[in-house]
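Asker: Each chain sits in its own coordinate frame; assemble them with the hints.
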Amino acid sequence: MLELSPTEWTAIQLSLRVATVATLVATPLGIAVAWLLARRDFWGKSALDAAIHLPLVLPPVVTGYLLLLTFGRRGLVGAWLADHLGIVFAFRWTGAALACGIMAFPLLVRPIRLSIEAVDRRLEQAAGTLGAEPWRVFLTITLPLALPGVLAGMVLGFAKAIGEFGATITFVSNIPGETQTISSAIYSLIQTPDGDAAALRLVVVSVVIALAALIGSEWFARRATRRLHGN
Amino acid sequence: MLRVDVSKQLGEFSLEASFASEGRVTGLFGASGAGKTSLINIIAGLLQPDRGTIAIDGETLDDTATRLHVPAHRRRIGYVFQDARLFPHLDVRGNLDYGRRMNRLADDPAQLKRITDLLDIGHLMDRRPGKLSGGERQRVALGRALLSKPRLLLLDEPLGSLDEGRKVEILPYLVRLRDEAGVPMVYVSHDAAELRQIATQIVLLQRGRVTSIGGVRALTGG
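Protein sequences appear in the order of chains A and B.
Each residue of the first sequence is one higher than the last, beginning at 1 in the numbering used here.
Each residue of the second sequence is one higher than the last, beginning at 1 in the numbering used here.
Just so you know, not all the hints are guaranteed correct.
[Unchecked claim] Partner residues are not named here, just some residues of chain B that face chain A (Cβ under 8 Å, in silico):
no.: 1; residue: His73
no.: 2; residue: Ile77
no.: 3; residue: Tyr79
no.: 4; residue: Gly99
no.: 5; residue: Met102
no.: 6; residue: Asn103
no.: 7; residue: Ala106
no.: 8; residue: Arg144
no.: 9; residue: Ser161
Keep in mind that the hints were calculated from the coordinates and are not lab data.
No experiment lies behind these values; they were computed from the predicted model shown.
Ideal Cβ placement from N, Cα and C applies to all residues, glycine included.
Just chain B, with the same shape it has in the complex (with noise of 0.2 Å):
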């Protein structure tokens, strides 16, 4: 259970956002520039807020009244970038076990074997990702978020540089992950059909604010 209550000034406009996310994915929409990779990005701890606080599960991340602010490295969210961005100069295998690594789990086969199954990545795990198409790299990205076991997994646009034939792909993986992976998600989109399919709340952000919260019906027109 996410709770969002922040304000932060970017450049021209200011972010005003408060909401709290319910149930399995969180879709946050809104038009490119209207601030949603800033938001993302304050809940992922990439970003201070000016003002206000994040919680998860009851446990503050960013507090501005008491200076608290837990690292990203400490806040157990997992970040599916737009950009993919694996580590080169690891193999697939490298880059999906970095986060256990990092956050010193023990290993877990069935785990890894659940998750490329899923993700339908496990003949790619001695490639380097400069071998991978663009939507391979974004399941291997995928993957290594899921993982490093967060307890929210954050996507910004992870569909957003691939062609119309790559996100037909990769969607239905989406939403197995919202159905089998059980870790709720907040999920970056200007694409409401993309949202439709794969949210269960929606929240608009227009021009730094939220406009409204509510369920998929929320998203009219395309």
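Same shape as in the complex, but just chain A (with noise of 0.2 Å):
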């Protein structure tokens, strides 16, 4: 019984697409706060990279709910967004697809953080004196340099949006079509009487996908090594 059927198609389509979103709009500010964590001292700077690990530490669960504080449909932000902006997150893709950002963040700033912090300040002191101001030095000296962490990162980031359930089923429930990824969906089938081969079968995928994406960030990072050595 190896045929998907639509519940779960629409599942991992979702899925596919939360987590593209996510680790897309994730990635720029994630370069950004890598950046700063690496290169810059400021008052502050602790309780910065204290707040990006939270999510990984703090039960999702609770994420999920302070999310739903926060950009719910009466929320702090969540009202605003949606009477200015018409920018809805309660209940729909977009919300997971935060919930999913906001989780994966600290996995995708980490490997980032590490790779920038090796590239050799003395080659971004070479490119100084040859003319290059510090914003081309980081765009042609540093980023390449340091795009195999990025890279593995966004894969990292990736595997974990992907994966993601606790804050998003808190943040946004279970909506099949709009929130329902495919671990909610495998949570759903499970208390189905007839949901066990359904439930295997989404099982299979999440551990080919998580699987593919460990193995790529490593291949991403060993090749950070072999670049950085000019080779």
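Answerer: As structure tokens, this is what we get:
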């Protein structure tokens, strides 16, 4: 019974869409934050570092509830966004993307920060003496040399985003076609009398995606070392 | 024409340097730890003085009194580092072209050929820095700095990390640079023999203090 039913397909497609959007939006922000943490010292730096890693240690449901309080229809920010920009997160796939993005963020930032720190600052100095303004040094020297770390972070973040459950289901519930991702679908299926086969199929899909992400992330990490040594 | 008049606290001792460079190659001579690298880092704009001024061709680059500090990327001062510091993700061509691109200078194939011929690196264009020998890397670093069309070239012990054979190989290139490239240089070294061959003026630095300025005869002994 290897055929995927419409419910399963929908869940997979939704998961892919949510995870892709979450990763693409989180990446530029992740690069900026990683650069700040790697290259700058400022008041409140450890607080920022702690805040970024909070989603890693907080119970996911707590993160989801905090998202509800902040970005829900009547939340602090959510109300303003809905009224002024027409952006709604509650019970919509955009909310799932937000939840997944936040949960994935610490996993995204860490490899990027490490790879930026690994870029020899003396190379950045040399680039400066050749006339490159700081932003051009970043784009032409730092980022290209840190790129494998960026990709590793994106892959890891994507894998986390696609598997996210607790925060998502708390924030945007489990609505088939809108917010029912692979994990929520499995959750629902195992509570249904004949849902085991379907659940198992989705589990296999999840495992394959997760393994591919881990292997991909490892491959990028190894390329990082080779690239930095000029090979 | 470079005018230096700065002081800076460097850990245990303080750097106090005041001199004007005349002519083509000003050799900055002193033992290791005398403050030579810190001094040229200040000239390059990579380090800020505690007090004083740096001016080149009449343009002030640093003036602690008015809090003026022109950042390195706007000084048009080339720098050849002791460890070459070639960009590993670019090939030799990309490294050589970097300064021209960053300074938004027009393409100058004649200049490129002149420099690559002068330094004998034309055959290395498609190689990555990781595949170059120490001598080749240093010549590419020289070419890279020159091709950014600087008005002053700083060299920090460019032969320092090379063995005797490589030094003997590269010194003639440096002498040719002095005679043909038309860019004034400040050449840092703790090797008097080297400086005797290349410098036209010597500034002696001892424990952070300029103890003498003069012709190459100021270098006695080895």
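Asker: Next, verify each hint and record whether it holds.
Answerer: Verification of the supplied hints:
Checking B/His73 against chain A: minimum C-beta separation of about 5 Å stays under 8 Å; hint holds. The interface hint given for B/Ile77 holds, since its Cβ lies 7 Å from the closest Cβ of chain A, which is under the 8 Å cut-off. For B/Tyr79, the shortest C-beta to C-beta distance to chain A is roughly 4 Å, which falls under 8 Å, so the interface hint holds. Interface restraint check: B/Gly99 against chain A, minimum CB-CB distance 4 Å, threshold 8 Å, status holds.
A least Cβ separation of about 4 Å between B/Met102 and chain A falls short of the 8 Å threshold, and the interface hint therefore holds. Annotation: interface hint on B/Asn103 holds; nearest CB of chain A at approximately 4 Å, less than 8 Å. Look at B/Ala106: its Cβ only gets to about 14 Å from chain A, farther than 8 Å, so that hint breaks. Checking B/Arg144 against chain A by beta carbon gives a least distance of about 7 Å; that is within 8 Å, so the hint holds.
A cut of 8 Å between beta carbons decides the hint on B/Ser161: the least distance to chain A is about 13 Å, and the hint is violated.
When held up to the earlier numbered hints, the structure conflicts with 7 and 9 and fits the remainder.
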